[in-house]
Each structure stands twice: as C-alpha cells, then as structure tokens.
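A.B. asks: Residue numbers (this note's numbering), protein chains in the order written: chain A, 1 to 110; chain B, 111 to 228.
The hints are simulated quantities; they were obtained by calculation from the structure and are not laboratory data. It is possible that part of the hints are untrue.
If we take Cβ atoms under 10 Å as the criterion, some of the chain B residues that face chain A in the derived model are [said to hold, decoys possible]: (1) TYR145; (2) GLN147; (3) LEU153; (4) GLN160; (5) ASP166; (6) PHE175; (7) SER176; (8) SER197; (9) VAL199; (10) TYR214; (11) GLN217.
Computed far set for chain A versus chain B, every beta-carbon distance over 10 Å [as the list claims (entries may be wrong)]: (12) SER12; (13) THR48; (14) VAL55; (15) LEU61; (16) LYS70; (17) SER73; (18) LEU88; (19) PRO110.
Computed footprint of chain A on chain B; a stretch qualifies when at least three of its residues, placed anywhere within it, have a C-beta under 8 Å from a C-beta of chain A [stated by the list, open to error]: (20) 133-142; (21) 200-208.
Every residue gets a Cβ at the ideal spot worked out from N, C-alpha and C, and that includes glycine.
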Amino acid sequence: TQLLEQSPQFLSIQEGENLTVYCNSSSVFSSLQWYRQEPGEGPVLLVTVVTGGEVKKLKRLTFQFGDARKDSSLHITAAQPGDTGLYLCAGDSNTGKLIFGQGTTLQVKP
Amino acid sequence: GAGVSQSPSNKVTEKGKDVELRCDPISGHTALYWYRQRLGQGLEFLIYFQGNSAPDKSGLPSDRFSAERTGESVSTLTIQRTQQEDSAVYLCASSLFTSGRATYNEQFFGPGTRLTVL
Chain A
1 TQLLEQSPQF
11 LSIQEGENLT
21 VYCNSSSVFS
31 SLQWYRQEPG
41 EGPVLLVTVV
51 TGGEVKKLKR
61 LTFQFGDARK
71 DSSLHITAAQ
81 PGDTGLYLCA
91 GDSNTGKLIF
101 GQGTTLQVKP
Chain B
111 GAGVSQSPSN
121 KVTEKGKDVE
131 LRCDPISGHT
141 ALYWYRQRLG
151 QGLEFLIYFQ
161 GNSAPDKSGL
171 PSDRFSAERT
181 GESVSTLTIQ
191 RTQQEDSAVY
201 LCASSLFTSG
211 RATYNEQFFG
221 PGTRLTVL
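Bound-form chain A, shown alone:
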C-alpha cells in the first residue's frame, strides 16, 4: 500500500515567518502535486513537480521534488495571513488514483 506521510499536521505562525511542509514516501511517484484548500471550498492545484530534483517557484512558495521522486517539500517565505489554509500533497503513480497526504493546516496570524 502506497502511503504519503505529510508533516507537520498543524502549523501556527506569525506573519513574516518562514515555514516548510514535508511529504515523504517509500514509493516512487511519476509526479507529485500540491493543493491548497480554503474553508468551504475544494482543493485547488498549486503545482505539479515531475522531474527528480526539480524546484518550482510560485511567488513566495518554493516546491521541491526529491532526487528519487519519493519526497517533496513546500517552503513558504514571509508567510502572510492569506496563506492560511490546508495544504495537501498528492503522489501520482499513473494508476488513475492519487495518493494524498493527511494535510497540513497552516494558520498565519497577523
């Protein structure tokens, strides 16, 4: 059974701080996606990383895919209250189903 361990589960920080969320697995994925979900809404895709070692930046968000394509991280620089939400990683093994991590609830206080 493929599992994707996401940590931390909950993060509460002050505006302006940096943070990193991790997703780890013993399985290799063909690609990995990061989603963000705000209260009352469905998850929205932020990025897809495909190549081992790949780094993608989306404004203050930096996504990295591990060299072995088993793990990924999301780093937020100078977090803002608008970054508050649930962050989900999802691994794709081309089976038709995504393997989702448990999610990281981020609260950024002004």
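Could you slot chain B onto chain A? The hints should help.
C.D. replies: Positioned in the frame of chain A, the structure of chain B alone reads:
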C-alpha cells in the same frame, strides 16, 4: 460554468434516510473521483470513474455507498440508510487523466457537499 459543480452545497438529513449527491465535472474530463473529507482532515478516496471502464470502488466504506456516472458527464453518489458517521464534506473532482496515456492526473475539485446526519 467552466469548473466542477456539486449539488446540493449543504444537506441535512435524518439518520436512516437515503441521500443523493450530484457532481457535474468539467466538460471533456474523462476521469471523475469522489472523496470524503471529515472536519480538518485530509481526503479519503471513495470511487473513481475512467471513461467507460468499470469504476474503481475500492474506497467505498460500506455497501450503503454507491455511485453512478452517465458516460463522461454527471455522477451521483448515493448513501443509503445514512448514519451519523457519514457526516462529512463529499468532494468531487475531475481530470483529463486517461489510462495508458502520458497525462498528469491534475484534479479539479468542486466546492463539495456538506452532509450532516442528525
């Protein structure tokens, strides 16, 4: 609209009643998924439809849960004899993923149906 839509947005029902949740995927998306999300938790996979193939029902928690999809369009998730433990947000997603093709399974989610069983 261009996105995934779900109805109703909220459903309150009494224990033991049947409920039907609807999902309209993005036009042209061959794959459709149903997930359950309990408060503050991640996504629990329920069922996956891919074109005309037999659906992957491996995530359905009991035989009270069933789902249908008409071709590559609308899907309905039915929960019979609802229990309080069924209370959750039910999310639908669609994607362009096609088995055997080099497509990323980037999923587009609807806003969900919040089900409350009293």
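A.B. asks: Now tell me, hint by hint, if it's right for this structure.
C.D. replies: Hint check results:
Annotation: interface hint on B:TYR145 holds; nearest CB of chain A at approximately 8 Å, less than 10 Å. A distance limit of 10 Å between C-beta atoms decides the matter here; for B:GLN147 the minimum to chain A is near 9 Å, and the interface restraint holds. A distance limit of 10 Å between C-beta atoms decides the matter here; for B:LEU153 the minimum to chain A is near 5 Å, and the interface restraint holds. A distance limit of 10 Å between C-beta atoms decides the matter here; for B:GLN160 the minimum to chain A is near 6 Å, and the interface restraint holds.
Checking B:ASP166 against chain A by beta carbon gives a least distance of about 7 Å; that is within 10 Å, so the hint holds. Evaluation of the B:PHE175 hint against chain A yields a violated restraint, the C-beta minimum of about 17 Å exceeding 10 Å. Interface hint status for B:SER176: violated, as the beta-carbon distance to the closest one in chain A is roughly 18 Å, over 10 Å. Annotation: B:SER197 was flagged as interfacial toward chain A, and the flag is violated, the nearest CB pair being 16 Å apart, outside 10 Å.
Restraint check, B:VAL199 versus chain A: the minimum CB separation of about 9 Å is within 10 Å; hint holds. A cut of 10 Å between beta carbons decides the hint on B:TYR214: the least distance to chain A is about 6 Å, and the hint holds. With a least beta-carbon distance of about 7 Å to chain A, the hint placing B:GLN217 at the interface is held under the 10 Å criterion. Against chain B, the non-interface label of A:SER12 holds: every CB pair exceeds 10 Å, the least being about 13 Å.
Non-interface call for A:THR48 relative to chain B: violated, since the shortest CB-CB distance, roughly 6 Å, does not exceed 10 Å. For A:VAL55, the non-interface assignment is confirmed: its Cβ lies about 18 Å from the closest Cβ of chain B, beyond the 10 Å cut-off. With a least beta-carbon separation of about 17 Å from chain B, A:LEU61 lies farther than 10 Å from that chain, consistent with its non-interface assignment. Every beta carbon of chain B lies more than 10 Å from that of A:LYS70, the smallest distance being close to 18 Å; the non-interface claim holds.
The beta carbon of A:SER73 sits about 17 Å from the closest Cβ of chain B, which is more than 10 Å, so the claim that it is off the interface holds. Against chain B, the non-interface label of A:LEU88 is violated: not every CB pair exceeds 10 Å, the least being about 6 Å. Every Cβ of chain B is farther than 10 Å from the Cβ of A:PRO110; the closest lies at roughly 22 Å, confirming the non-interface assignment. Beta-carbon proximity to chain A at under 8 Å applies to 1 residues in the segment 133-142 of chain B; the threshold of 3 is not reached and the given coverage is violated.
Counting residues of the segment 200-208 of chain B whose CB lies closer than 8 Å to any CB of chain A gives 3, which reaches the minimum of 3, so the coverage claim holds.
The structure is inconsistent with the numbered hints 6, 7, 8, 13, 18, 20, although it conforms to all the rest.
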